[in-house]
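Chains as they are written, first to last, in the UniProt record's numbering: chain A, 1 to 340; chain B, 1 to 495.
The hints are simulated quantities; they were obtained by calculation from the structure and are not laboratory data.
Take these hints with a grain of salt, some might be off.
[As the list claims (entries may be wrong)] Incomplete in silico selection of chain B near chain A, CB under 8 Å: (1) LEU137; (2) PRO141; (3) GLN184; (4) PRO264; (5) PRO286; (6) GLY290; (7) LYS291; (8) GLY292; (9) GLY319; (10) TYR334; (11) GLN339; (12) ASN404; (13) ASN457.
In this text, a Cβ means the ideal position worked out from N, Cα and C, and glycines have one as well.
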Amino acid sequence: MKKRLVGLMMAAVMGSAMVLGGCSGSSGSSGSDSQDSGTSGEEEASGWTLDQPVTIICPYGAGGGQDIAARLFAKYAAEYAGVNFVVDNQTGGSGTIGNTAISMAEPDGYTLGMFCNVNLYDQFLVDGVTYTEDSFIQEAIFSQDPTVIVANASLGVSTMDELVALAEENPGEITWGGPEFTAQTYPRIYVENATGVEFGKMIFDGGNESLVAVAGGNCDVTSLFASEFAAMSDNEDLVVLATTGEERLDSMSDVPTMIEQGVDATFTQWRSIVLPAGASDEVIAYYDDLCAQVLADEDFQKEMADSGFNFVNYSGHEDCTEFMEADFEASKDTIIAAAG
Amino acid sequence: MNEILIGLTTVLQPFNLVLCVVGTMVGIVFGALPGFSATMAVAVFIPFSYVLEPSGALLLLSGLYCGAVYGGSIPAILLGIPGTPASAPTAMEGRAMVRKGESGRALAVCTTASSFGGVASSLALLFLAPVLTVIALRVGPPEQMMIAIFGLSVVCLLVEGNAAKGLLVGFFALLLATIGQDPQVGYQRFTFGNLNLYAGVSLVPILIGLFSFPEVLGMLESDGQGYNEVNKAGKLIVDFKDYWNNKFCLVRSTIIGIIIGIIPAAGPDIAAFLSYNQAKKASKHPEEFGKGTVEGIIGSEAANNGVTGGSLIPLLSLGIPGSAPAALFLSAMYIHGLQPGSQLFTTNADTAYSLMVGFVIINIVMFFLGLLFCKVANFILVIPKSVLATLIVILATVGAYATNKSMFDVIQFYIAGVVGYIMVKNDYPLSPVALALLLGSMLETSISQTIVMYPNNILEMFTRPYTIVFTLLVVVSLLWPVVRKQISKKGAKTI
């Protein structure tokens, strides 16, 4: 009898522990995003305001670039809007699950999405994807990062010209590493498209695995963000060939772009906050204002830069949509061709 | 030395010490709940760490990481249900020891071995990081391929006496691992247009379902007696003899853990299986494995906690995460403006050293917290099984859902559970499934990478010294049981 009692007590303790665990879990994903929110930024002009917490769906896991950007935005948006912004990581399917959720969300202004230009092409690359470039209303584009093209020193090349020449002599044998259709391999597609050479595709799972492989001499070339490369920038086995933007990167001003070196190709990855298509004009107008305030905040800009992002300031759906369409039209055909 | 002292003073600040203790404590709870993994513990708390100082944030996450890797072993021992896949080998031994009424001894051994592995790997992180970093760079696709093959060869040993069923299950699980986007050309295989399967089956929910359901249903079946067969919690005894007699096993397992930790793509789960396998091979009493031996627990526990410090070595020096939770560490470091790489040890020396010293402290703290936790957890054994079984299923369902917040994962969890139950009832072993699912994608990716590296003749990979070393390991591993049989036969004759 006594044992049964102890047992039941244990069960009760376990049960309550579970409830507590559940609570701390959920507050973990929401509580910390809410700074004591100032009420300064109430927007009267548009007539529509927020009166309950807003969810930002992030299709990638906690701790990744998209997640960090979403949480930074959430923190400052909460200050200006006076309500909490909660980041909800809906991962899986290489981002397609979360993006589908954003595109299907009720367009009432209480669900936002953390978007990335790479997802514009999912419709051509993944069977079963239902969203297109028109499924999202771009509200704020606040990070645009070129990548850095890095080669192993033993390859003996120090410029893009030399790399292209080498790849021309040995078609398919110079290996370019990284997960397909990500920032690590998009530059390969554009270089191949611009010059007609062919690289060996060496597929890696992600993270910085391809950079390790290049440093260890197992792979020849890869491309990655400057922030990811910084940890190994003093490695003697690595040579930086180019950056992929239209202009040089401030933090690596001695590295020329691909265009400067005569390879007519650019690649940048940009990140944005989106509304699901179908949101009313009032909601759009509200977020146009809110995003303009957040992006103009110098502390926000500084925190973005400190987290390794190349901050840009495109706010409001008109500017952002124009920007998105130009980028989409310029790249679409190349990517459809590469996807085969 | 000076930096280490500075690091120590940072860690010993009361608030930071509290963060270490809280992190470890919460980590143990996360690890102990089936379906809640170390990765998840770190992921949930990363947003919290935004408001902390960089050193405090990293100490909190370190505590969570180490605690969760250790915590998974507690239900593995007491219930036969691994809290995380890394504790699956422990479950085989622990459950058997509990049946013998030695739950206290098993928990004590597990706690000590985990802390030993953890402390040793933290010391390696603190003093040997520059030397060991080379491993991360030299182990390329051909070597990873050999490690995966080496890991799969473990299946043969796990299923001794039941080879046909074991291999069948292993091959089938390898097929399951091919579901999703193929790593070479990006073609979708066996997804039937379902986006949820695009990135493959969900590992943790499936493994937890597989291991927990047979135990849970088994509990209910035998509930006629009302209580657990042992019906009492064994005393928690730390017996120095247990470790002295197995000192080689302890050290070897720790080294395996550290090296697997350094290698990207392989984490605590693979380390635990490999090391358990080596412990069995090197043991003087391999026949006791699976029937409740301290050696087996040491083998798997020292290794999976050995991974923790090892996986931070390439992370801090190269910015390369050596395991999934370590990848989250990387983003936490970026958030706090810490740039990994050699400059980390000069420009941010105080934070870097407080993290490394903190890792040592956390693993020591974990020993005492662990014993405390075990003392309480031990009483799980006296909970009526019907209550316990229900609680486990509820917790595991929540865990399966929480990782990706996906109902599809819950469905996979239940399917795996039912399949696992049928398998156990028909005497099919479960561990080959775990190994094949864990290693399948690593094997496939590394093979396709090796082919791209040596497009003309794949045998060129044997010009790499490391590849030869790992190949020899595979060969020895496969031949050793045969050779040993011959040796023991000869030995018997001469006597």
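How the hints compare with the structure:
no.	hint	verdict
1	LEU137	4 Å, holds
2	PRO141	6 Å, holds
3	GLN184	6 Å, holds
4	PRO264	5 Å, holds
5	PRO286	35 Å, violated
6	GLY290	29 Å, violated
7	LYS291	27 Å, violated
8	GLY292	24 Å, violated
9	GLY319	3 Å, holds
10	TYR334	6 Å, holds
11	GLN339	5 Å, holds
12	ASN404	5 Å, holds
13	ASN457	13 Å, violated
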